[in-house]
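> Go ahead and model the full structure; you've got the sequences and the hints to work with.
Single-letter residue listing:
Protein chains: 2
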Amino acid sequence: MKIILDAMSGDFAPTEIVKGGALAAKELGVEILLVGNEDEIRKVMTENALSDENIEIYDCKETISMEDDPTSILKEKKGSSMGVALTLLKDGKGDAAVSAGNTGALLAGGTLIVKRIPGVTRAALAPILPRKNGKTMIIDAGANTECRPEMLEQFGVMGSAYMKYAEHIENPKVGLANNGSEETKGTEVVIEAHNALKKRKDINFVGNVEGRGVMLGECDVFVCDGFTGNLVLKSCEGFGLLIMEMLKEVFLKGFFSKIAALLVLKKIKKLKKSLDYKEVGGAVLLGIKKPVIKAHGNSDAKTIKNAIKQARRFAEGGVIKSIEDALNNN
Amino acid sequence: MKIILDAMSGDFAPTEIVKGGALAAKELGVEILLVGNEDEIRKVMTENALSDENIEIYDCKETISMEDDPTSILKEKKGSSMGVALTLLKDGKGDAAVSAGNTGALLAGGTLIVKRIPGVTRAALAPILPRKNGKTMIIDAGANTECRPEMLEQFGVMGSAYMKYAEHIENPKVGLANNGSEETKGTEVVIEAHNALKKRKDINFVGNVEGRGVMLGECDVFVCDGFTGNLVLKSCEGFGLLIMEMLKEVFLKGFFSKIAALLVLKKIKKLKKSLDYKEVGGAVLLGIKKPVIKAHGNSDAKTIKNAIKQARRFAEGGVIKSIEDALNNN
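These protein sequence lines map, in sequence, to chains A and B.
FYI, the numbering for the first sequence is 1 to 330, going by the working numbering.
FYI, the numbering for the second sequence is 1 to 330, going by the working numbering.
One or more hints might be untrue.
Since the list gives no way to pick out one identical chain from another, each pair is judged satisfied if it fits inside one copy or across any two copies.
Claimed, not checked - For lysine-lysine, the following DSBU-like pairs were computed, each having C-alpha atoms within a straight-line distance of at most 35 Å:
#1 185 x 75
#2 302 x 248
#3 185 x 61
#4 253 x 309
#5 78 x 185
#6 309 x 185
#7 272 x 26
#8 90 x 185
#9 272 x 43
#10 269 x 78
#11 248 x 201
#12 267 x 253
#13 302 x 185
Derived by calculation from the structure, the hints in this document are not laboratory data.
This is the structure in structure tokens:
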């Protein structure tokens with residue numbers, strides 16, 4: 001298994017990305033193909049005394065920034081580390097790609113360099129949120145601001161395939177994001193999508209799921225347009241950050257609080273870990289022909305390692321074959 | 001100040017509603033006009049030894065249930081406790097109304113019995129969420145599934161008026177819910193709404209606010225369509241419930257955990273209280289001629305008291321006059 005890693009994208013690139021890649025090569029037994037400025041990458045490796053076992057470097061000088069126009073990846077920035085990583089993936093030089101860079105560019109490159117699976121109308125960006133007793137995939141969370149019913153239907157199929165084959169959830173529950181549980185709730189698009197999802201025999205559609213269901217685990221796949229999904233995802237992230245801040249205040253101020261903190265330290269750490277999106281890795285780019293993971297822009301080495309782990313699960317899984325079959329035989 | 005209270009609606013009506021009304025009459029110094037079945041109300045008062053000081057009862061036999069068609073409040077259910085409460089409000093028999101009943105019916109009754117403020121296109125249901133250092137109003141959160149740009153613009157104006165006059169926030173920050181901070185982000189409707197809000201000189205528009213901003217307090221008024229608002233609100237509620245469950249697990253199992261719990265009990269209670277929507281009261285129905293508060297369906301006496309407190313702030317405030325002026329002079 002070889003994972004192609006865009007070494008030059010992300011807030012802490014190349015240092016944290018290269019360190020994350022080396023960590024993955026060491027701990028996960030995968031081969032890593034680092035794409036980026038070889039001199040800079042070697043410098044990071046030397047400075048951090050990283051072993052180059054199972055690590056290859058593909059030298060390229062350009063990078064694509066967060067400010068660059070996403071479509072530039074198809075033109076003047078095709079030679080950027082992200083553009084090259086996706087081209088190498090398309091050409092079969094690795095099994096999956098990971099990048100912490102410009103989301104729009106990764107979507108454009110994924111769709112137009114790696115290309116969509118036949119039958120897929122639109123690729124989706126699907127982050128996975130840790131929640132009560134498991135994980136919930138939110139699909140879409142930003143790739144498609146507005147969606148047609150058949151797009152939402154396909155998101156349900158794609159999300160189900162991922163959660164089944166990559167996350168090994170038996171018969172994943174697919175829910176449609178809505179402002180009420182009744183079938184008649186929601187916009188016209190959502191009502192039509194509900195009817196389409198209900199008819200499918202190849203997924204376990206559990207009907208409408210309200211916002212509460214995301215964190216309380218009423219479904220494994222939460223289907224919505226990218227506008228809604230992005231807002232729901234980030235609302236939860238914001239709440240998570242606030243809670244951690246508040247817990248710090250509870251435990252760090254005062255003598256008794258500090259004793260209490262010592263007494264429950266392990267449990268609080270476990271709670272924090274169980275809600276930390278960095279433990280999951282990144283968002284999945286679904287609907288294209290090869291596995292691509294979008295790691296958080298602010299990823300550190302450990303998050304990159306987790307994203308690589310996720311890319312491995314994705315590549316091992318049979319997710320893409322299952323999507324292809326479902327969308328062409330239904 | 002007289003608050004009209006629909007005594008027969010809500011999961012724990014009439015008991016908790018009547019108790020909440022009596023609590024408010026006693027603690028807040030307001031007069032309460034209880035609307036509902038007088039025999040049942042008197043029975044609750046006797047059984048709970050509640051004083052009838054500052055409490056009046058308006059007898060009516062019917063109720064509207066959660067299963068009733070919302071528009072029935074205008075026809076066969078006009079004589080229900082909710083219908084009568086709204087009619088009494090319209091007729092000036094009280095300063096504000098509170099109900100924990102069928103949201104759709106309250107919206108229909110609010111709009112068509114109490115009637116909209118001239119110039120208002122649609123009434124909105126606006127819950128107020130406790131968050132970091134304050135409260136955020138989400139407007140709309142369920143009354144209008146799909147919105148036109150001018151509706152979102154008006155929601156900004158109405159929310160700003162409420163947070164200024166009823167919650168006494170100076171120059172409340174109005175943000176537009178979006179999947180990115182750039183002006184070009186979002187659906188066409190949202191982009192148009194952004195331009196309209198930006199032009200208004202009578203509100204403090206802070207631009208697009210992403211999901212994270214809701215709980216982290218980037219704005220006081222979070223403007224969105226009812227579909228998005230409902231999903232964001234309930235995602236946060238779900239997360240809140242999950243956190244409380246997880247904290248219980250941290251503190252209730254094991255000897256050391258119980259000691260820790262004792263040491264930080266006050267602080268944890270404070271944390272819980274600061275995130276508890278029951279402390280806020282209910283959702284505000286904005287855009288109609290009189291103050292109406294929708295209390296949570298599962299309200300207990302204390303929540304009802306808080307909803308009455310909120311209704312008092314709303315009625316004292318000058319909110320409605322401000323909305324009328326803003327929408328007719330701009």
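> Is it within a copy, between copies, both, or neither that the alpha carbon of residue 272 lies no farther than 35 Å from that of residue 43?
Intra 34 Å, inter 49 Å, cutoff 35 Å: intra-copy only.
> Under a CA distance limit of 35 Å, which applies to residue 78 and residue 185: within one copy, between copies, both, or neither?
between (44 Å within a copy, 25 Å between copies)
> For residue 185 vs residue 61, is the C-alpha pair at or below 35 Å within one copy, between two copies, both, or neither?
between (52 Å within a copy, 31 Å between copies)
> Between copies, within a copy, both or neither: which fits residue 253 and residue 309 at Cα up to 35 Å?
between (38 Å within a copy, 33 Å between copies)
> Since the copies are identical, ignore which copy is meant and state whether residue 302 and residue 248 lie within 35 Å (CA to CA) inside a copy, between copies, both or neither.
both (22 Å within a copy, 29 Å between copies)
> Regarding residue 248 and residue 201, is the shortest C-alpha distance of 35 Å or less found within a copy, between copies, in both, or in neither?
Neither. Shortest intra-copy (47 Å) and inter-copy (40 Å) distances fail the 35 Å Cα cut-off.
> How would you label the pair residue 185, residue 75 (within, between, both, or neither) given a Cα cut-off of 35 Å?
between (43 Å within a copy, 23 Å between copies)
> State whether the alpha carbon distance between residue 267 and residue 253 is at most 35 Å within one copy, between copies, both, or neither.
Both: 19 Å inside a copy, 10 Å across copies.
> Using 35 Å as the alpha carbon limit, work out where residue 90 and residue 185 are close: within a copy, between copies, both or neither.
Between copies only: 30 Å across chains, 41 Å inside a chain, cut-off 35 Å.
> State whether the alpha carbon distance between residue 302 and residue 185 is at most 35 Å within one copy, between copies, both, or neither.
Close across copies (31 Å), not inside one copy (42 Å); limit 35 Å.
> 35 Å Cα cut-off: does residue 309 pair with residue 185 within a copy, between copies, both or neither?
between (39 Å within a copy, 32 Å between copies)
> Since the copies are identical, ignore which copy is meant and state whether residue 269 and residue 78 lie within 35 Å (CA to CA) inside a copy, between copies, both or neither.
neither (42 Å within a copy, 55 Å between copies)
This entry does not satisfy hints 10, 11, going by the numbered hints stated previously.
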